[in-house]
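Can you make the complete structure from the sequences, with help from the hints?
Chains as they are written, first to last, in numbering that gives the first Met the number 0: chain A, 0 to 191; chain B, 0 to 282.
FYI, nobody ran anything at the bench for these hints, they're computed from the structure. In this text the structure is predicted, and so the values were computed from the model without any measurement.
Quick list of in silico lysine-lysine cross-link-like pairs, DSS-like style, CA-CA up to 30 Å:
id	chain 1	residue 1	chain 2	residue 2
1	A	K119	B	K261
2	B	K183	A	K119
3	B	K93	B	K56
4	B	K93	B	K246
5	B	K261	A	K120
6	A	K120	B	K183
7	B	K278	B	K229
8	B	K246	B	K183
9	B	K271	B	K229
10	B	K229	B	K183
11	B	K225	A	K120
12	A	K120	B	K246
13	B	K165	B	K233
14	B	K276	B	K93
15	B	K61	B	K195
16	B	K233	B	K276
17	A	K56	A	K93
18	B	K225	B	K278
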Amino acid sequence: MKKLLITFFCIPVWFIQSYGFDSAIVKNILPDFAIVQCAGNIGVVSGGFGYSFFKNKMLTSVSYGFVPHFIGGTTVHTIALRNNFKIYEFTLNKENQLVSYANVGVNFEPGEHSYIELPKKYPNGYYATNSFHFPLGLGLRIDSVPKHINFAKSSLFAEVGTLATYIYYEYMAQKRLTETIASLSFGLLIFW
Amino acid sequence: MNAFPFTQKAYSCLQLFQKRHLFYVLLLLPATVTLLQGCKNMLDFSPYEIRVVDGDKNTTLKNLIDVENSILNPDSITIALTADPHYNYNNLQKVVSSINSNYQIDFAMCLGDISESGIQTEFELFHAEMDKLVVPYLTAIGNHDYRSNGEDIYYQMFGQLNYSFKAGFLRIIVFDDIFWESNKNPDFDWLESELKQYEGELLAVASHIPPDTDQFDSVSREQYYKLMEKYQVKYSFHGHQHSFNLKEKDGTLYVNTGAIMKGKYTLITIYKNSETKIKEITV
Numbered sequence: 000m001k002k003l004l005i006t007f008f009c010i011p012v013w014f015i016q017s018y019g020f021d022s023a024i025v026k027n028i029l030p031d032f033a034i035v036q037c038a039g040n041i042g043v044v045s046g047g048f049g050y051s052f053f054k055n056k057m058l059t060s061v062s063y064g065f066v067p068h069f070i071g072g073t074t075v076h077t078i079a080l081r082n083n084f085k086i087y088e089f090t091l092n093k094e095n096q097l098v099s100y101a102n103v104g105v106n107f108e109p110g111e112h113s114y115i116e117l118p119k120k121y122p123n124g125y126y127a128t129n130s131f132h133f134p135l136g137l138g139l140r141i142d143s144v145p146k147h148i149n150f151a152k153s154s155l156f157a158e159v160g161t162l163a164t165y166i167y168y169e170y171m172a173q174k175r176l177t178e179t180i181a182s183l184s185f186g187l188l189i190f191w
Numbered sequence: 000m001n002a003f004p005f006t007q008k009a010y011s012c013l014q015l016f017q018k019r020h021l022f023y024v025l026l027l028l029p030a031t032v033t034l035l036q037g038c039k040n041m042l043d044f045s046p047y048e049i050r051v052v053d054g055d056k057n058t059t060l061k062n063l064i065d066v067e068n069s070i071l072n073p074d075s076i077t078i079a080l081t082a083d084p085h086y087n088y089n090n091l092q093k094v095v096s097s098i099n100s101n102y103q104i105d106f107a108m109c110l111g112d113i114s115e116s117g118i119q120t121e122f123e124l125f126h127a128e129m130d131k132l133v134v135p136y137l138t139a140i141g142n143h144d145y146r147s148n149g150e151d152i153y154y155q156m157f158g159q160l161n162y163s164f165k166a167g168f169l170r171i172i173v174f175d176d177i178f179w180e181s182n183k184n185p186d187f188d189w190l191e192s193e194l195k196q197y198e199g200e201l202l203a204v205a206s207h208i209p210p211d212t213d214q215f216d217s218v219s220r221e222q223y224y225k226l227m228e229k230y231q232v233k234y235s236f237h238g239h240q241h242s243f244n245l246k247e248k249d250g251t252l253y254v255n256t257g258a259i260m261k262g263k264y265t266l267i268t269i270y271k272n273s274e275t276k277i278k279e280i281t282v
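Structure (structure tokens):
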């Protein structure tokens, strides 16, 4: 896990330091935004970077999330890949837009509470991997283009989401989806 | 060039964010709260977290008190023996309805694999369904329940993994016999001490894995069989195999119940004179 974290956080810093912030190679590789999120099945707090595609219609980000023992009853590290797809955009005023979006992704727990490969003591096919979960969600975000800083944009988002597995369970249980499985997450995107 | 301008830009964005978003935050808040009114947990941090709510804790202890009062006929005991619901909550609902419609049943037992991956939501869904039973229920831990942080969740939600209780004239010893997922050998010393303590009573041992299947090696299997024979255990109840099976060995009747996930459970009526009626139920 430590190696993974070092890779996640230190390589981009090293890269920028080596080539300089304004160099062409850094500008091309540098992510379009940073994301900070609370909850959403990827940690109490998660943070990461992402890229914007198709004129902000799709936002793809990679985050690292952490659940401390005193909150989650156990320590959990998660790596999450999120893809936000814009559904509809409402213009509130010149600087602010309300954007509704759908979120799909993959959450990966690197093996402290799960396994990617089945330990050798089990017969072949005894269990499937339980390291991956597939989050789904619907959210709203307010994209704000600041007046005085012409290169930056910030977005606040709130999302109602769940995991694909939970939806299947609720389908099996024939219950209302929100009864036990939907939960809230919220966060901030900063574009530069 | 260093990364300082980037930090400066990010800070400026944050300052602007505070001013501009306040109104919209207030606008979104009521909508979000309305959406989440039906949610059990407002914030889910991870599927692997262990956050058992107070109302779901110590279920075994609560139900043990009810078992004492649930046996009305002093001459017979009827048990609904279930196991292996995994994720099939639809069939679990059907089994619960079937048990509720049979007024002869004194209590129910679910012999493990009450979850699929050992995550909390699975335990919660099982608990919510089993709460609808009109009779008390008791559980044994299964191999699937050990996955992820299932052991801790199981312990908080239900209680001890090894325990025994008296149901009328029958003493049932619930035994955790999971080898691989628990990374330890089952506590055969504890099992023997319980059997010794209640020697002479009509005894039944209930566990998830039957001794003649995968996780028992030849030594453990022989150890289990010898204990059953030595203490004249009348019944050995199990799940895990997903299919109904009856076997008698050295005076012990080994009952393997079908899986809830396949819509099966077993009805066992034990009379004081040791006569036993066993019937597989399909829902």
